[in-house]
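**Q** Chains as they are written, first to last, in our numbering: chain A, 1 to 300; chain B, 1 to 311; chain C, 1 to 314.
Please note: incorrect hints may appear among the correct ones.
Claimed, not checked - Label-pair ranges, simulated between beta-carbon atoms:
1. C:Val32 - B:Gln275: 53 to 59 Å
2. A:Met159 - C:Arg304: 28 to 34 Å
3. C:Gly272 - A:Ser100: 43 to 49 Å
4. B:Thr84 - C:Pro151: 46 to 52 Å
5. A:Pro99 - B:Leu45: 48 to 54 Å
6. B:Gln275 - C:Lys280: 28 to 34 Å
7. C:Pro120 - A:Asp182: 32 to 38 Å
8. C:Arg17 - A:Thr65: 23 to 29 Å
Said to hold, decoys possible - Cross-link-like lysine to any residue pairs, in silico, SDA-like; alpha carbons within 25 Å at most:
9. C:Lys280 - B:Glu118
10. B:Lys310 - A:Gly189
11. C:Lys124 - B:Glu118
12. A:Lys140 - B:Glu118
To be verified - Derived contacts from chain A toward chain B, CB cut-off under 8 Å, selection only:
13. Met94
14. Ile98
15. Phe132
16. Gly149
17. Leu153
18. Gly154
19. Val203
Worth flagging that the hints you see were computed from the coordinates, not collected in a lab.
Computed from a predicted structure; not experimentally measured.
Glycine is no exception: its CB is placed at the ideal position from the N, C-alpha and C atoms.
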Amino acid sequence: MERMTDEQRHAEQAAAHESAAQRGLSQAIAVDAERPKKDLSREKVFELKDVSVRYDGKPAVKEITFDVFKHNITALIGPSGCGKSTLIRCFNRMNDLIPSATVEGEILYHGQDLYGPNVDPVQARKLIGMVFQKPNPFPKSIYHNIAFGPRTLGMKGNMDEIVEKALRGAALWDEVKDRLGDNAYGMSGGQQQRLCIARCIAVEPDVILMDEPCSALDPISTGKIEDLMFELKDEFSIVIVTHNMQQAARVSDMTAFLIVELDADEQNRWGRIVEYDDTEKIFTNPSDPRTEDYVTGKVG
Amino acid sequence: MNDDPPRTERTRLAVAGARATTEAVISGQPRKDVIKNTVFAALLLVAILIALAGLAALLIQAFVKGRPELSLDLFTESGSSDPTIAGFRQAILGSLMLIGGVIVLVVPLGVGAAIYLEEYGSREKWWNRLIELNIQNLAAVPSIIYGILGLGFIVRGPLDLGFTVFAGSITLALLVLPIVIIAAREAIRAVPPSIREGALALGATKWQTIRRQVLPASISGIATGVILAVSRAFGETAPLLLVGAATFVTFDPQFFSGDYTALPVQIFQYATRPQDEFRILSAAGIIVLLVILLAMNSFAIWLRNRYEQKW
Amino acid sequence: MEARDIAASGAAGITRRLEAPSPRYGEKLIYVALFACAILSVLTTTAIVIALIGPTVGFFGDVPVADFLFGTDWAPAFEPASFGVLPLVVGTLSVTLWGMLFAIPLGLGAAIYLSEYANPRVRKVIKPILEILAGIPTVAIGFFAVTFITPEILQTIFPSAGIFLALAGGLGIGLMVIPIIASISEDAMRAVPGGLREGAYAMGATKMRVATRVVFPAALSGIVASIVLAISRAVGETMIVVLAAGSTPNLTFNPIESIQAMTAYIAVTATGEIAQGTIKYDTIFAVGSLLFVMTLILNIISIRFVRRFREVYE
Numbered sequence: 001m002e003r004m005t006d007e008q009r010h011a012e013q014a015a016a017h018e019s020a021a022q023r024g025l026s027q028a029i030a031v032d033a034e035r036p037k038k039d040l041s042r043e044k045v046f047e048l049k050d051v052s053v054r055y056d057g058k059p060a061v062k063e064i065t066f067d068v069f070k071h072n073i074t075a076l077i078g079p080s081g082c083g084k085s086t087l088i089r090c091f092n093r094m095n096d097l098i099p100s101a102t103v104e105g106e107i108l109y110h111g112q113d114l115y116g117p118n119v120d121p122v123q124a125r126k127l128i129g130m131v132f133q134k135p136n137p138f139p140k141s142i143y144h145n146i147a148f149g150p151r152t153l154g155m156k157g158n159m160d161e162i163v164e165k166a167l168r169g170a171a172l173w174d175e176v177k178d179r180l181g182d183n184a185y186g187m188s189g190g191q192q193q194r195l196c197i198a199r200c201i202a203v204e205p206d207v208i209l210m211d212e213p214c215s216a217l218d219p220i221s222t223g224k225i226e227d228l229m230f231e232l233k234d235e236f237s238i239v240i241v242t243h244n245m246q247q248a249a250r251v252s253d254m255t256a257f258l259i260v261e262l263d264a265d266e267q268n269r270w271g272r273i274v275e276y277d278d279t280e281k282i283f284t285n286p287s288d289p290r291t292e293d294y295v296t297g298k299v300g
Numbered sequence: 001m002n003d004d005p006p007r008t009e010r011t012r013l014a015v016a017g018a019r020a021t022t023e024a025v026i027s028g029q030p031r032k033d034v035i036k037n038t039v040f041a042a043l044l045l046v047a048i049l050i051a052l053a054g055l056a057a058l059l060i061q062a063f064v065k066g067r068p069e070l071s072l073d074l075f076t077e078s079g080s081s082d083p084t085i086a087g088f089r090q091a092i093l094g095s096l097m098l099i100g101g102v103i104v105l106v107v108p109l110g111v112g113a114a115i116y117l118e119e120y121g122s123r124e125k126w127w128n129r130l131i132e133l134n135i136q137n138l139a140a141v142p143s144i145i146y147g148i149l150g151l152g153f154i155v156r157g158p159l160d161l162g163f164t165v166f167a168g169s170i171t172l173a174l175l176v177l178p179i180v181i182i183a184a185r186e187a188i189r190a191v192p193p194s195i196r197e198g199a200l201a202l203g204a205t206k207w208q209t210i211r212r213q214v215l216p217a218s219i220s221g222i223a224t225g226v227i228l229a230v231s232r233a234f235g236e237t238a239p240l241l242l243v244g245a246a247t248f249v250t251f252d253p254q255f256f257s258g259d260y261t262a263l264p265v266q267i268f269q270y271a272t273r274p275q276d277e278f279r280i281l282s283a284a285g286i287i288v289l290l291v292i293l294l295a296m297n298s299f300a301i302w303l304r305n306r307y308e309q310k311w
Numbered sequence: 001m002e003a004r005d006i007a008a009s010g011a012a013g014i015t016r017r018l019e020a021p022s023p024r025y026g027e028k029l030i031y032v033a034l035f036a037c038a039i040l041s042v043l044t045t046t047a048i049v050i051a052l053i054g055p056t057v058g059f060f061g062d063v064p065v066a067d068f069l070f071g072t073d074w075a076p077a078f079e080p081a082s083f084g085v086l087p088l089v090v091g092t093l094s095v096t097l098w099g100m101l102f103a104i105p106l107g108l109g110a111a112i113y114l115s116e117y118a119n120p121r122v123r124k125v126i127k128p129i130l131e132i133l134a135g136i137p138t139v140a141i142g143f144f145a146v147t148f149i150t151p152e153i154l155q156t157i158f159p160s161a162g163i164f165l166a167l168a169g170g171l172g173i174g175l176m177v178i179p180i181i182a183s184i185s186e187d188a189m190r191a192v193p194g195g196l197r198e199g200a201y202a203m204g205a206t207k208m209r210v211a212t213r214v215v216f217p218a219a220l221s222g223i224v225a226s227i228v229l230a231i232s233r234a235v236g237e238t239m240i241v242v243l244a245a246g247s248t249p250n251l252t253f254n255p256i257e258s259i260q261a262m263t264a265y266i267a268v269t270a271t272g273e274i275a276q277g278t279i280k281y282d283t284i285f286a287v288g289s290l291l292f293v294m295t296l297i298l299n300i301i302s303i304r305f306v307r308r309f310r311e312v313y314e
């Protein structure tokens, strides 16, 4: 069988998604026949036990319990306001930057308490990288953007090689190799986001967190980044927040579905995990009716 | 049910304006109104023109009066009681030394304070609010009070540095420090939080983020603020009178010891002499002073336009 | 595959410990250094107070406070010396008064014009010119006042006037503070929401009416703040009054007489030859303390008005 070009594949996926939305999403997974195999070793990267996050005492997510596995792409999906971004920011201690935020419960990273007394958040962020919703490259050259991390962290080695490796890893090298000195702000949105991914992997993390990385991008760029994720998961473990169900179905190995809960007088709202399972199961045969309602599009 | 609109300040103003307008429109006479309006607009224009005329007169008068003495001798001749050979040499050297000292003091202290207030200090703590209040207040304290501070605290008192350029530099630096702090804070605040998040998420420490991303991105605004502060310090006279720049100096000044003078001070001294030749000299000094200030401010504007970071 | 190369040379066998690789003393040191820079402002204010208080207290050991504050004869160098500060205060207030009478109409006129009438091209020319005026050193303004305003203008109008007049100082100071009033008032007026203006225009109001009856009252707090700030600058100004207003204490608001302002007294006395520890030396600090308190009060009032002006629209 002739190998399809990227464009053809994306076009076919786009067509499939339209019909999938009508028929339920089980079809979406079947279309992508070239999807890489899932790592079934089940080695745990993160273990969450009853994790709750509060802002000024008001809960944002409650009693989250699940495990993230190595070399998997784990997706967090759910309606807006269910605290997916709040939750993912716990994984790399970015919630520390918000003075009103408190984290309860336990998060283990390779068996170590992520919020333990001896833990250095700065070191944690080196090991657990993040790509943000809106691409945020530094207002400097492409080269500097990549080199900043390794230089600042004192990584040894030839900087030119490190930069090239990172750009290749983000599928960006061929596009920018002749203009590494150009300002990153001159790049398109999709390129900037891949630059941010390259920047992230240049410091050789263990985990990459992605907070709605494609929501500000066009479909072609989105497709390129989804392909990139398949390549990256061989070496990194990826956790992705997405409000795009089809993306979660296409890309992830495990999916966590969260919902919004209200308290009695509807003053406060927070997120809670409903189901966490293999992506295929979540989208074809979920255990919880609420999950089924969400993935089939009955509720938004 | 309450039919009245909420009594916010904005509503009250709008209602008052509407009422006034309606009264006027209903009761006004069209022709009278046109005359009144034209006269009013003309008066406004006259107001601006008088202000501009004042500025123009100042500049022209200084130029016309001082022109006879304008020559390179101004820079090489020493201060003297003989107007035919008097110049501004020591004064200019003194001023340059003073602002050299001011720059060295004001950049680290001002930028440091700005970084602390923007990146480290949370407004909840009372001491941070106290610091901000102090800066706001110090920005409005009369310059001669800084002279008293210099006289009582720096020249004499605890620091006891004597009437030296060093003491003068410290005094002027304290005077213009609020300018640098306020400008630097604005420049730092303009850097979007996403830049900081991006750096921190890579495993950079807070200071690494500030030093390697935030400060370089705000350097243009900081530099502009420093130049504005320096040009303010260059033109100041009153504090220097109190910290010893008024002495009659005939040899080149030194930084840490000895007498000194400054350009604005020398201009002042010549201006208070009865002979008209000294008045002319004074005017020439003013021209030199204005030209130097113009150069500094033009440089600041050029710097800002060339290197401004657009987010 | 490219991504694999990265991990093979790096992360695979490397430790994933979360403890800090080094104690990070540098970060704590930096924090302390930056805090020290910021606390300097508090130290400066404290130093000002200390510099003023010592000799002032010594002064009031010799001169009763009531004599100082309410006495009408200022003659510290005479025998017998007299330490009533009112002539200096009145001198300062006189210059300030004449200056404000000159600057307020001109400053507000400029502000209204720039805010309500001027097209962008005109603004682009006039605003920088006002900024230039704001940047003129006060010694140059003082020189202009005494060598031009007094002989050419004032002595023509008032033939009996001498070389030094309160009015000359006042006009110089007025010229100096016009940019302050103009720029802050203009900011306040431009902050008035367009909707208020449009409503009035829609009812057929003229530009003058909108400017005076709608925009001006709406921007009042900002305008008052600018005037109070200008008064504070005027009270604290030295070089203009030293050069143009005179050095004889004179308890009068008469504009064509020569007076001495508080700042002028301090400047002239401190540059003269007086020994430390004498009463005359201490008068510098006593008058300085009074000046500091006056400008402090004015600044507090001004900040209150700025806060009110911000609150209405933010």
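**Q** All hints, please: hold or fail.
**A** Hints, one by one, checked against the model:
1. Between C:Val32 and B:Gln275, the C-beta spacing of about 57 Å keeps the proposed range 53 to 59 Å intact.
2. A C-beta distance of roughly 56 Å is found between A:Met159 and C:Arg304, which places it outside the suggested range of 28 to 34 Å.
3. In this structure, C:Gly272 and A:Ser100 break the distance hint of 43 to 49 Å, their C-beta atoms being roughly 60 Å apart.
4. In this structure the supplied range 46 to 52 Å is violated for B:Thr84 paired with C:Pro151, their Cβ-Cβ distance being about 24 Å.
5. A hinted range of 48 to 54 Å holds for the C-beta pair A:Pro99 and B:Leu45, which are about 53 Å apart.
6. Between B:Gln275 and C:Lys280 the C-beta distance comes to about 29 Å, which sits within the given range of 28 to 34 Å.
7. For C:Pro120 and A:Asp182, the hinted distance range of 32 to 38 Å is satisfied, since their beta carbons lie about 34 Å from each other.
8. Between C:Arg17 and A:Thr65 the CB atoms are about 25 Å apart, so this pair conforms to the stated range of 23 to 29 Å.
9. For the proposed pair C:Lys280 and B:Glu118, the alpha carbon gap of about 45 Å is over 25 Å, so the pair is violated.
10. For the proposed pair B:Lys310 and A:Gly189, the alpha carbon gap of about 17 Å is at most 25 Å, so the pair holds.
11. Our distance criterion of 25 Å between C-alpha atoms is broken by C:Lys124 and B:Glu118, whose separation comes to about 32 Å.
12. A hinted pair counts as satisfied when its Cα atoms are at most 25 Å apart, and A:Lys140 with B:Glu118 qualifies at roughly 22 Å.
13. Given hint, A:Met94 at the interface with chain B, holds; its Cβ is 7 Å from that chain's nearest Cβ, closer than 8 Å.
14. Interface restraint check for A:Ile98: the shortest CB-CB distance to chain B comes to about 11 Å, outside 8 Å, so the restraint is violated.
15. A cut of 8 Å between beta carbons decides the hint on A:Phe132: the least distance to chain B is about 7 Å, and the hint holds.
16. Proximity of A:Gly149 to chain B holds as hinted, the smallest CB-CB distance being about 4 Å (cut-off 8 Å).
17. Restraint check, A:Leu153 versus chain B: the minimum CB separation of about 6 Å is within 8 Å; hint holds.
18. Hint status for A:Gly154 relative to chain B: violated, with the closest Cβ pair at about 10 Å, above 8 Å.
19. Contact between A:Val203 and chain B, as hinted, is supported at the beta carbon level, the nearest pair being about 6 Å apart and thus within 8 Å.
In this structure, the hints that do not hold are numbers 2, 3, 4, 9, 11, 14, 18, in rising order.
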